[in-house]
Each structure stands twice: as structure tokens, then as C-alpha cells.
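Peer 1: Chain A is fixed; fit chain B with the ligand onto it per the hints.
From first to last, the protein sequence lines are chains A and B. To convert, note that position 330 of the first sequence is 330 in UniProt numbering; the numbers rise steadily by one, no gaps. To convert, note that position 200 of the second sequence is 200 in UniProt numbering; the numbers rise steadily by one, no gaps.
These are calculated hints, taken from the structure and not from any lab test.
Stretch-level coverage of chain B by chain A, calculated; a stretch enters the list once three of its residues show a Cβ under 8 Å from a Cβ in chain A:
#, segment
1, 3-16
2, 21-31
3, 145-151
4, 167-175
5, 179-186
6, 204-211
Computed beta-carbon distance windows for the label pairs:
#, chain 1, residue 1, chain 2, residue 2, range
7, A, 459, B, 34, 49 to 59 Å
8, A, 371, B, 47, 32 to 42 Å
9, A, 187, B, 66, 27 to 37 Å
10, B, 19, A, 481, 51 to 61 Å
No residue lacks a Cβ here, since even glycine has one placed at the ideal position from N, Cα and C.
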Amino acid sequence: MTTQPMQFVPGSEFKRRAAEVVANPFLRKSFRGAMDFLIAKRAAQFPDPELLERQRTLAEEIRRYSLSRLPALLEQLEANLVKNGVKVHWAENPDEANAIILGICRQHDARLMVKGKSMVSEEVELNHAMDAAGIEALESDMGEYIVQLAGEKPSHIIMPAIHKTKQDIAKLFAEKVPGVSYTEDVDALIQVGRDVLRKKFMDADIGLSGVNFAVAETGSLCLVENEGNGRMCTTVPNVHIAITGIEKVVEKLEHVVPLYGLLTRSATGQAITTYFNVITGPRREGEKDGPREMHLVLVDNGRTQAYADEQLRQTLQCIRCGACMNHCPVYTRIGGHAYGTTYPGPIGEIISPHMMGLAATHVLPGASTLCGACGEVCPVKIPIPDLLIRLREEATHEAKPGHAPLVGQGAGKTTFASLAFKGFAFLYSRPALYRLFAWGATRFRFLTPSNQAGWTATRTPLKPAAKSLRDLLAERRIDERKSC
Amino acid sequence: MSARDKILAKLRAAPAQPLASPDASITTHYASLPRTAKDKLAQEFAEKITAWHAEVHTVPRSQWVDKARTIVADKGIATLLYAPATAHGKELAASGIAGLKAYDQPIEAWKQEMFDGIDAAITGTRGAIAETGTMILWPDADEPRLMSLVPPIHIALVDADAILPTLYDAITTQGWSKGLPTNALLVTGPSKTADIQQTLAYGAHGPKELIVLLLTGEAQ
Ligand code: SF4
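In isolation and in its complexed conformation, chain A is listed as follows (with noise of 0.2 Å):
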């Protein structure tokens, strides 16, 4: 099965994408709806908002402590997994972590590799590499398995195919999986992946799973999920691995518990999942299944750079629960695809210009309308808002002084804007100068242009006001001084 590589997003690509969708009535349809049931399972989870306010300042300084010893948690969880007896990994970048996942695969002369969910994988791309080397990459997570088979990437980190209506899906599994008539009815549809996976889980020689949490003091990799096919990547084959970013590492299991509550609730508006793994090793000496060989392949991508700023490292207390795309007014009018990341929605925006550079990003945080309501939702209080504004600085600006320049810093600028706001500033620091355009504008305003460039395409032309308000201040003045 062929998936594109992400490539790179230049932003005239982004806003044609973009503004596909939004001409798009179905699309928009399906995102409003599913937004809305989103918003409204997750509210009902929080019906006391002092009570929310205090889970989420508790996990807040759970990540927040766990990024302070990052390094030396790391360590710690290295060495108790190590004794737990799987082997460790550490990439860099993408290629790294496919080269090593490859590596495994080829020492145990694999065929075949199912998948539980796991963003870091899409991230690096694992498909398209395993791919490449002709070995089989399925996905097992429902929402991952249909994206998959219709040749597409996730729109959502937490409900991929949610682009997809149930016709949709029944047209795609009637054509694509052999001796399946079309059907619309949900459980039919979900009894077809499931027996098409599950003679997979049988045959596949390894197991690839993420990580929602990694434990530091007892060497544990936790695993949340409804389907259990995440039990099934992680137990049936004989090798499992398990890949995942740098930051998911936590101190103690202990410090799991609030974060696990407030992940399901936020994400989908569950109180609980129907499955949370806590996985510490593999097969052991007597036992009777599992795997017989563990890995964790440890994954950096741009995260060391947010690390390094104290602003910036914020980003890393995400929790991936989805639920600043689920609020997010452009997320919702846009969908995932148009923004051409791995993460889409807020987090995307912010993240993605660590993972993929400036250069490829640089639009993205201005895909926001900066209304704050993804901060005001995210579980760990991370400041999406002042982020991005801090990410539209550095993709316009030089690095301050002071201040190692990020991949890309920069890359947004142009010449245009930043004449213009030379210009601006030159005009507004200068009274005279400023009264004297003022007077200008508002006089030979019949002379603005009806077509300006981009703004125009989808909007009424900016026009200078009949009056300034330098003007509308003295006369006011006048008038009162006139009724004293």
C-alpha cells in the first residue's frame, strides 16, 4: 500500500488547499458536525469548571516537572527498560528512526507489520519506508485502516477518518476489500476491519504501537485505547516496538493518573477508555504469550529546539488529545489535510515548525484567528495563542539577540510586508507626518482601489474612514465644550 511523503507546504499550497475545503459544502459539513459532538461530549465530561480548573493547573505542573528533568528522566527510564529487558533506540531525526525500525524488521526477516496508533510513525513517514523495503505497514486502529485503504493521511490525530462519511467508507470497502458488498450499516462495516485484521494480528511478524505515556521509575510504556488493537500489535506478534517523541516520558506512575483522566475526557468526552496498557517488557521466563522481544525507539525531530527555549518548551507538555483542533474555528472550517502536517489544528501550528523547519511552515501560525479558545481548553495549559504570535515573530524576524535562530527563522519575511511596516512605523512615530496622511487619506478616499490584490478576492474593499479619528476627537471636543 503507497502513502505520499509529507512534502514540503509552501503557503500558497496551503491556502489553495485551504480554500478548497471551505468551498466545499460537504466537507464543512462533516467537520462542523463532528466539532460540535466533539465539543459537546468533552463539556458535559466538565461540569464543574473550578473543579476543571484545578486538574488542569495539577497536570500542568505534572508536565511541566517531567520536562525539568527530562534529560535525566530519560536516563532513568532507559536504564529500568533496559533491565526490564527491551532494548532501547534513539533517532534524531526521521531517517534514523526508520533505519533502526527497518533494521529489526530485517534481522527478523519480517513481511508484515501491523499498527496500533501511533502519530510519531506518521511523522517519520514508517509507512513509505517500510514501503520502499517491500514490507507490508498495516494499519489497525479502524479510523487508520480506512484512511490507509483509501490511499490518504489522518485529518485528525485522535479520529482520522473523520473526513469520511459511512458512504464513503462502504463505497471504499466494497471496492477495495475482496468479496465485501457495499453496506452502510456501521456494525457491518466494522465487522469487515475486523476480520480482515485480525487474520493479520495472526500472521505479522511485529507489532508496531505508540506511546501515550512512558513511566521513568518502573520502566513502562502505557497505551490508551477503545479497540484493542493496540493490546492486539502489542501481545500477538512475536516482536513489538514501539516508537514515540522524546517528551512523553513522566517521573512515576502516580503522575500518569491525572493526565490519563483529563486525555480520554478531553479527546473524546469519555471518562475512561476501554483499554489503558501498562506494558513493563517483554515475554517473561513461564509465560505463555506475548512478545518475545521488546523495543522503544525514542524519537527527537525538532523537539530538542523547543526544548531549548523556555517558551517554546510549553509545546512539549501536549498530551495529543485533539481537543484544541476540536475548538479551533479554522480547524473546523479547514479540516487536517489542508495544512499538509502530520498534526494539524493549533498544535499543529505549533509544533510543526520544529519538526519541518520555518521554511515549510512559516504559514501556519497565522492559520489562527487567535480567539484563544485553544488554550483555553488545552488539558495542560499549554499558551497555544502567545506561542503563535511568538512563531509569526521568529518566521518574520531575525533571532534575537541572544537567541539561537530556530530551522527556517525567518523564512516568512518579505519584502513587501516589511516595507510596509517600516512604513507604517516611520508614519506613526512622526505627528506631523501622520496628520498630514490623515488629512490625505480621508479627503481622496474616493481614490482607494475596489480591487486589492488578495483581500479583495474575498472581501469588501478597505476604504480610509470620511473622517479620521484625530478629526471625530476635536470635533467631539467642540461639542462639548458647546452644551457646558
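Peer 2: Leaving out everything else, chain B with the ligand in the frame of chain A:
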């Protein structure tokens, strides 16, 4: 320099932000929450897990085998997987229920049969959590991991006296961190998905049905 050393060096070069451990805040937080009284825990657990689509039968401890026998007959279960070395497994073996299959050899020896030939499995639990209607499973060499995953029906025995108010209580009072199995597990209802148009469907990959036998009364 290895990737490991480079990553750690970059992290160590970043400005340090020493912060205090959140342990005290966590303890205070959970202590501040209302708690279900001990005599209400079983009821709360049963209500919650029923809401998660499980079928709950409350039975006196001494009669669970008979209840299991009725369920096996009612559901038309032809093969029932059990763990022969456990206490409840021994009781089952002595019960004469038809179609019992012991999980007594490594999965490699009978994978196909496990996937295609087992209707249900019966396992014990290490307790349960009232707040969310969750069972705690502690698979080991005697009662392996796949029992609660592959067969379409999972029957679980929950001791009413082993129900705790919250997950936090379970982790701390049961001392999880002191000795974890390869796969400690929380189970809350049968396997499910809402990946097709947010429509809830059960039996995605794991069990389609979860039947809980809630054991009450004096220990034998
Ligand atoms: S940034 Fe916050 S709201 Fe968004 S996915 Fe991460 S944790 Fe959830």
C-alpha cells in the same frame, strides 16, 4: 557521538528550570475529592460498567460456578477458555462444564485455534475501580494476556470486596510500582470504536461482549 548522546547533550545545554515534584499536589488533589463510601462501591462499579455496555451478574461467592454454567448454556458457548492453575480455574475444572479448554501451552502451539475456535474466556481480576466502572487485570504465566482479548466473549470475576474508589487508590494501595507484570491492564467494557462517523460500534478488535460476575458474601 551517538544519537543518544547528541539528544541528551542538547537537552542538557538548554536552560535549566528546576521545579518541585508534583507528588504533594497530587496527594492533596485526590484527598480533596469526594469519595464513595465503602458499602456503596460495588453498586457504583456495577452501574458504571453496565453503562459501558457490560453485562453484570451479582452472585454469592459460593454460587459463581453455577452462574457461569447458566451463562455458558444461555449464550451457546461451545468452547470456554480458562486458566487451569488459578484457584477459579480449578473450581471450573471440577465443575464439569462442557467445552472447557485450558490455556496450558504457549500461544505459538495453538494460535489458529485461539483466534478461530474459542467462543469465550473466563478470567479473574485484581480488583476494580468504582469511579469509572473499570476492572483491573493482572495477567501472568498462569492467566495469560490474550484471554481477555481474543475470544469474542470475556467473562470476568470481580470480588466485590476488592473494589476501590479510584484509579489513584488502586495504584497506590495495591503498590503497582513495586512490581508490575508484563502487561497490567484496565478494562472498561467490551472493545469499541466510533471511527465511522462517530457511530459507536462494539467488538472492534477485542471482545464483543463483556460479562462481569460480581462476587459477594463471605469468602469461602
Ligand atoms: S496542545 Fe493541548 S489541547 Fe492541543 S492536543 Fe496538545 S494537550 Fe491537547
